[in-house]
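Work out the full structure: start from the sequences and follow the hints.
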Amino acid sequence: MRHTEREVFVASAPTADIDPSATIGEGTRVWHLAQIREGAAIGRDCVIGRGAYIGAGVGVGDGCKIQNHALVYEPARLGSGVFVGPAAVLTNDRHPRAVNPDGSPKGAGDWTRVGVDVGRGASIGARAVCVAPVRIGPWAMVAA
Numbered sequence: 110m111r112h113t114e115r116e117v118f119v120a121s122a123p124t125a126d127i128d129p130s131a132t133i134g135e136g137t138r139v140w141h142l143a144q145i146r147e148g149a150a151i152g153r154d155c156v157i158g159r160g161a162y163i164g165a166g167v168g169v170g171d172g173c174k175i176q177n178h179a180l181v182y183e184p185a186r187l188g189s190g191v192f193v194g195p196a197a198v199l200t201n202d203r204h205p206r207a208v209n210p211d212g213s214p215k216g217a218g219d220w221t222r223v224g225v226d227v228g229r230g231a232s233i234g235a236r237a238v239c240v241a242p243v244r245i246g247p248w249a250m251v252a253a
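Residue numbers (the numbering used here): 110 to 253.
None of these hints come from the bench; they were simulated from the model.
Owing to the predicted nature of the structure, the values given are computational and were not obtained by experimental measurement.
It is possible that part of the hints are untrue.
Pairwise CB distance ranges (calculated) [said to hold, decoys possible]:
hint, residue 1, residue 2, range
1, PRO210, VAL240, 30 to 36 Å
2, PRO214, ALA252, 31 to 37 Å
3, ASP202, GLY148, 18 to 24 Å
4, ARG159, VAL240, 20 to 26 Å
5, TRP248, LEU142, 27 to 33 Å
In silico lysine to any residue, SDA-like type, Cα no more than 25 Å apart, as pairs [as the list claims (entries may be wrong)]:
hint, residue 1, residue 2
6, LYS174, LEU142
7, LYS174, THR200
8, LYS174, GLY218
9, LYS215, LEU180
10, LYS174, GLU135
11, LYS174, GLY230
Built from N, CA and C at the ideal position, the CB exists for glycine as well.
Structure representation (structure tokens):
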């Protein structure tokens, strides 16, 4: 379901920032200061914690829990029942750099986004960093 202002108020904290083009499933709760970017698709009965970030176009399956201050960058895909611990990070850049070898600033067109794919029921521990591209299998446990 697409969120109207009324639905956002009912389903999420008033300080959550949910792009109007994001799709949020029934029963999902979004807590204070969370940000859900354009085109993200969040399943049913999920919990998006305080200060969590869900990138543009990210897919989150039903029944997921994304804890406080977790960062899920596009183009990540999370299967149903995935747990992402507090302050965990799912990256999207193979070779992150601020500048090129000649010292010129990197631009938006200087890299290709790659994602983290998390299988059904997997658990990502608190403060774990999942460096893309990587696939985490169903029911796997990633320790912090």
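For each hint, the structure was consulted:
no. : hint                        : in the structure
1   : PRO210 - VAL240: 30 to 36 Å : 22 Å, violated
2   : PRO214 - ALA252: 31 to 37 Å : 36 Å, holds
3   : ASP202 - GLY148: 18 to 24 Å : 19 Å, holds
4   : ARG159 - VAL240: 20 to 26 Å : 25 Å, holds
5   : TRP248 - LEU142: 27 to 33 Å : 31 Å, holds
6   : LYS174 - LEU142             : 16 Å, holds
7   : LYS174 - THR200             : 18 Å, holds
8   : LYS174 - GLY218             : 32 Å, violated
9   : LYS215 - LEU180             : 22 Å, holds
10  : LYS174 - GLU135             : 14 Å, holds
11  : LYS174 - GLY230             : 10 Å, holds
Consistency note: the structure conflicts with the earlier hints numbered 1, 8.
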